[in-house]
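Trainee: Chain by chain, the residues:
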Amino acid sequence: MTASAVLYHPVVVFTLCMMAGWGVYALGRALAPASRVIGGKLKTYACGENVEGESFPTAYHLYHAAFIFTLLDVVALVLGTVTGTAIVWMVAAYLLVGLIAIVILFKD
Amino acid sequence: MLDGLVKWARGKSPWVCHLNCGSCNGCDIEIVAALMPRFDLERFGVLLEGSPRHADVFLATGPMTRQIRDRVVRVYEQAADPKFVVAVGTCGVSGSPFYPGYNVLGGVDAAIPVDMYVPGCPARPDAISYGVLRLLATLDPKAEALVKEIEERYDTEGLVYTPEEMAQQRDPVEGARG
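Residue numbers (the working numbering), protein chains in the order written: chain A, 1 to 108; chain B, 1 to 178.
Mixed in with the good hints there might be a few duds.
To be verified - DSSO-like cross-link-like pairs, simulated, lysine-lysine; straight-line CA separation at most 27 Å:
no.	chain 1	residue 1	chain 2	residue 2
1	B	142	A	41
2	B	7	B	83
3	B	142	A	43
4	B	12	A	41
5	B	7	B	142
6	B	83	B	142
7	A	41	B	83
By construction, these hints were calculated from the structure, which means they are not laboratory data.
Just need the whole structure built from these sequences, with the hints factored in.
Mentor: As structure tokens, then:
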């Protein structure tokens with residue numbers, strides 16, 4: 001295995017990216033003055049208004065519609081980008097999983 | 001070294017947030033004029049920022065009213081440290097002529113600490129620029145040199161007051177005692 005192959009390996013690239021991000025964050029933490037949590041500092045900024053937390057309904061009224069659109073998008077993406085050398089049964093299996101998901105969605 | 005770097009960066013890019021505490025909009029318009037190309041505060045790295053979360057300097061106008069006090073304090077608390085406040089206009093400096101009205105608590109410093117006072121009704125854009133520069137001079141040596149040059153070339157008497165000078169103005173005896 002060559003050095004470049006190791007360097008360009010997805011795991012190595014991912015680790016390096018994470019370390020770079022962490023480095024920027026650590027630099028910011030080192031430079032920033034110590035945080036003073038006073039008054040409403042951690043409250044949501046609303047132009048000075050005192051906004052209290054509010055609950056919201058978690059009913060998924062449109063979840064089914066949104067999910068089927070997502071599934072169809074993924075299926076269309078698979079069909080649109082599948083190459084001639086792709087393993088046919090894997091593509092078919094993928095589409096079958098999508099189909100099963102749609103059936104389960106509309107079972108009720 | 002890092003402290004020097006931070007100080008340099010802060011002096012070169014002070015983002016300002018405009019805070020209207022009850023102003024008639026006279027000083028607000030002059031702040032806009034100070035930021036526009038004629039006076040061009042942006043040449044010093046000053047950038048008008050909408051959210052106090054991202055701002056270093058508050059340009060506060062108008063007298064401190066009872067209605068706005070809690071909101072101003074909250075906004076001030078929500079800004080990141082270190083933060084500076086420039087009180088713009090005579091109302092922002094002392095609440096005059098509305099102080100002591102039933103709903104007016106005084107100037108901006110009736111609610112939050114002020115680092116520089118720019119009197120005037122309305123405050124002139126060049127005075128606002130000079131006030132911001134005086135503030136920057138506490139952070140950036142180059143801005144300090146520029147302030148000295150301005151003071152040598154122009155009459156800047158009474159354009160801007162530091163908190164100490166303002167204390168002296170308000171109460172000469174107490175101000176002298178410190």
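Trainee: All hints are to be evaluated individually against the structure, with a verdict given for each.
Mentor: A quick look at each hint next to the structure:
no.: 1; hint: B/142 / A/41; result: violated (33 Å)
no.: 2; hint: B/7 / B/83; result: holds (13 Å)
no.: 3; hint: B/142 / A/43; result: violated (37 Å)
no.: 4; hint: B/12 / A/41; result: holds (26 Å)
no.: 5; hint: B/7 / B/142; result: holds (12 Å)
no.: 6; hint: B/83 / B/142; result: holds (20 Å)
no.: 7; hint: A/41 / B/83; result: holds (13 Å)
Figure legend: structure checked against the earlier numbered hints; hints not met, in rising order: 1, 3.
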